[in-house]
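Participant: Spelled out, the chains give:
2 protein chains.
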Amino acid sequence: MALLDVQHRDPGSLARTGVLNLAHGQVRTPAFVPLATKGTIKGLEPREVAALGYDMVLGNTFHLFLAPGEELVRELGGLHEFMRWQAPIITDSGGFQVFSMGHGTVADEIKGRRAPGNPTERSGAILGIEEEGVRFRSYIDGGERFMAPETSMEVQAALGSDIALAFDECTPFHVTREYTERSTERTHRWLDRCIAWHEQHPTPGQVLYSISQGGVYEDLRRAATRHVAQTTAPGVAIGGSLGADKPQMYEVVSWATDELEKVAPEKPRHLLGIGEIDDLVRGVELGIDTFDCAMPTRIGRHGMALVPDPARRWRIDLTKGRMKHVNEPIMDDCPCPACSEGFTRAYLHYLFGAHELTALRLVTLHNLSFIARLMADLRAAVATGTLAEVAAAVRAGAAPGALASAAA
Amino acid sequence: MALLDVQHRDPGSLARTGVLNLAHGQVRTPAFVPLATKGTIKGLEPREVAALGYDMVLGNTFHLFLAPGEELVRELGGLHEFMRWQAPIITDSGGFQVFSMGHGTVADEIKGRRAPGNPTERSGAILGIEEEGVRFRSYIDGGERFMAPETSMEVQAALGSDIALAFDECTPFHVTREYTERSTERTHRWLDRCIAWHEQHPTPGQVLYSISQGGVYEDLRRAATRHVAQTTAPGVAIGGSLGADKPQMYEVVSWATDELEKVAPEKPRHLLGIGEIDDLVRGVELGIDTFDCAMPTRIGRHGMALVPDPARRWRIDLTKGRMKHVNEPIMDDCPCPACSEGFTRAYLHYLFGAHELTALRLVTLHNLSFIARLMADLRAAVATGTLAEVAAAVRAGAAPGALASAAA
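Protein chains in written order, with full-length UniProt numbering: chain G, 1 to 408; chain W, 1 to 408.
It is possible that part of the hints are untrue.
Treat identical chains as interchangeable: a pair holds within one or across any two.
[Claimed, not checked] Computed list of lysine-lysine pairs in DSS-like fashion (alpha-carbon distance at most 30 Å, straight line): (1) 320 with 42; (2) 267 with 320; (3) 42 with 246.
Hint data in this document are derived by calculation from the structure and do not stem from the laboratory. The model shown is predicted, which means the values in this text are computed figures rather than measured ones.
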């Protein structure tokens with residue numbers, strides 16, 4: 001049985017639907033993967049996330065390494081047992097979090113929180129990046145910790161995820177081409193060490209994805225993608241800096257999937273950390289199989305709810321004063337657990353103002369339901385050869401959930 | 001149709017089972033009433049609370065008066081519509097909260113946070129207690145507010161609760177007999193004003209309960225109970241100081257229900273703010289029909305879970321270090337949404353340490369499930385003439401849920 005069983009291809013793009021066959025079950029692709037960063041989908045239970053239509057969640061190697069520690073999770077039966085999620089789990093490698101502490105983010109840079117350039121001066125949290133690995137301070141106890149490619153593999157093996165990701169340096173947007181090139185080469189040496197560790201240690205039921213870096217430089221990104229795709233790792237994730245804006249991000253992803261289509265079309269492709277509505281549509285067109293992103297859960301906890309309104313980036317802010325008297329659900333005819341129970345924008349506005357937990361939960365449920373229906377629409381659209389129409393409808397503000405059935 | 005339809009009486013105590021017939025449905029008594037203080041059961045949705053077996057929740061007049069304000073709730077269809085709870089709601093009068101700001105609590109006194117005596121020196125929040133009502137500062141905006149008996153009635157009418165409570169001064173334990181006597185007399189004058197307001201204003205579907213004060217003084221408590229029970233208010237709540245310890249509290253409640261049994265046996269009886277496991281058992285024996293208490297939900301949010309262990313006050317603290325490796329549910333064979341899904345003490349310990357919302361929710365669900373099963377046991381025990389045995393079993397540490405069926 002192939003890792004990815006491709007079932008339909010869109011004639012007008014690289015989009016494809018299929019099934020990822022993993023140790024804990026199947027994932028219908030293209031799929032969005034909600035975050036269970038610290039071993040819980042914040043405010044929800046696993047059965048609720050499964051009921052929304054999700055087949056896989058993402059656990060965070062960095063956070064779980066620091067607390068409760070991978071040994072405790074192993075002792076308690078692995079991450080599936082620990083968090084009571086019996087379907088597939090993908091774990092990131094920890095690279096993104098380790099390096100975020102030192103590099104900062106594009107957002108930091110745009111907001112002036114750090115100067116661009118060559119990240120030779122590390123912030124306090126990163127103590128050193130060496131060929132062997134990275135030394136950093138724990139945000140929990142301030143103690144010095146070390147993570148090497150082998151550490152990341154050991155932790156992910158202890159967690160027992162279905163998909164492990166190779167340990168990489170996630171280069172941010174503001175670094176130079178020269179730094180990106182050197183870093184990407186080191187990421188490739190780290191990938192070899194991850195593959196070697198994974199081959200030498202029993203990790204039943206776990207597959208390893210490589211990660212394509214190379215920044216926003218076309219030759220580097222294409223070469224890096226070809227390089228990692230040609231290793232024995234059976235899946236590929238696209239990571240690192242994808243650009244300063246959406247057109248550049250789509251272009252960078254297109255370089256990567258263009259290379260993947262040439263050298264390893266059968267390997268499943270994960271796009272790391274991307275999940276805005278328009279990004280999911282474009283990502284599917286570019287041939288991405290799985291996506292993870294904090295957006296729907298994180299914005300939900302801050303009172304932002306997803307609605308089919310492209311002009312407002314598909315979101316409304318329930319905390320705004322103009323919501324106070326709005327006696328309507330977040331979305332009309334929405335089947336999510338919040339809207340279908342009749343909770344109104346006015347009530348949610350009040351709950352957010354009163355710092356009531358139920359508000360965070362209801363909007364998180366709504367947002368994840370919205371994305372789940374969008375992904376179901378996109379899968380159905382590819383299967384029925386209507387992706388162009390469905391994608392156009394989503395971009396024009398169609399509500400998710402009815403598109404696929406209308407197109408079918 | 002009688003407000004309270006008594007169905008069974010225990011031959012050995014004042015315990016009784018029945019049905020409270022309210023505008024939004026029936027409440028099986030004796031019943032525990034979970035708190036929906038600010039119009040939400042913290043972290044849960046109404047459908048979940050109903051699924052646990054609860055027929056009624058308690059909304060807080062004081063908090064909802066300050067935010068979002070009763071006029072907004074009325075505009076949005078009343079409290080049932082606003083919070084999407086379609087079964088009965090009881091609202092307290094606001095008296096307890098208004099006076100708590102000035103009097104402090106027994107707990108404050110025991111912990112030395114304020115001196116006992118005559119509360120002539122008010123804390124900053126209460127600006128004045130007068131015959132007309134109480135002036136106080138809003139904890140939300142610092143603005144001066146006024147609540148009179150008529151205000152409380154107006155707010156509760158706007159909220160549209162099934163049961164409104166009369167506005168009273170909730171006298172604390174540390175005040176003198178003289179203060180208690182004067183205060184109780186004023187509370188009776190306020191009750192007359194509440195009854196008058198309620199008779200003069202249309203409040204369809206809402207019944208008014210009087211409140212018995214009188215502190216811990218037998219003659220005052222008995223007289224106050226007789227007085228309020230003989231008004232036209234069709235139900236009676238027992239409030240105010242119930243003593244310094246459980247024996248005294250049970251004695252004070254017994255004076256009240258003894259009087260009620262003599263002068264108004266048909267009127268339903270609510271015991272305000274009491275809900276420990278042993279208190280519920282004793283309260284049922286003393287003839288209480290409904291109880292409300294913050295305990296199960298509040299302690300749940302702080303990591304305390306209810307277990308059938310009288311020696312530990314029926315609770316375990318999941319935040320303690322000794323829980324770190326305990327790969328077992330809160331309770332064996334517990335049908336609650338947390339235990340039945342297999343979440344372990346070790347996992348919940350970790351989640352509380354990581355400040356994850358799901359932890360608060362799961363333990364709240366467990367605790368409310370525990371209390372719901374206990375109350376079902378007690379109802380079944382009264383109905384089958386086995387209350388003495390069931391009460392003894394609960395006090396000896398029997399798990400709730402199996403008792404009633406075993407006794408039947």
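Participant: For residue 267 vs residue 320, is the C-alpha pair at or below 30 Å within one copy, between two copies, both, or neither?
Facilitator: neither (45 Å within a copy, 46 Å between copies)
Participant: What label fits residue 320 with residue 42 when the C-alpha limit is 30 Å: within, between, both, or neither?
Facilitator: Answer is both: 23 Å inside a copy and 22 Å across each meet the 30 Å cutoff.
Participant: Measure nothing new, just compare the shortest in-copy and cross-copy C-alpha distances for residue 42 and residue 246 to 30 Å and report within, between, both or neither.
Facilitator: Intra 28 Å, inter 39 Å, cutoff 30 Å: intra-copy only.
Of the numbered hints stated above, the single one contradicted by the structure is hint 2.
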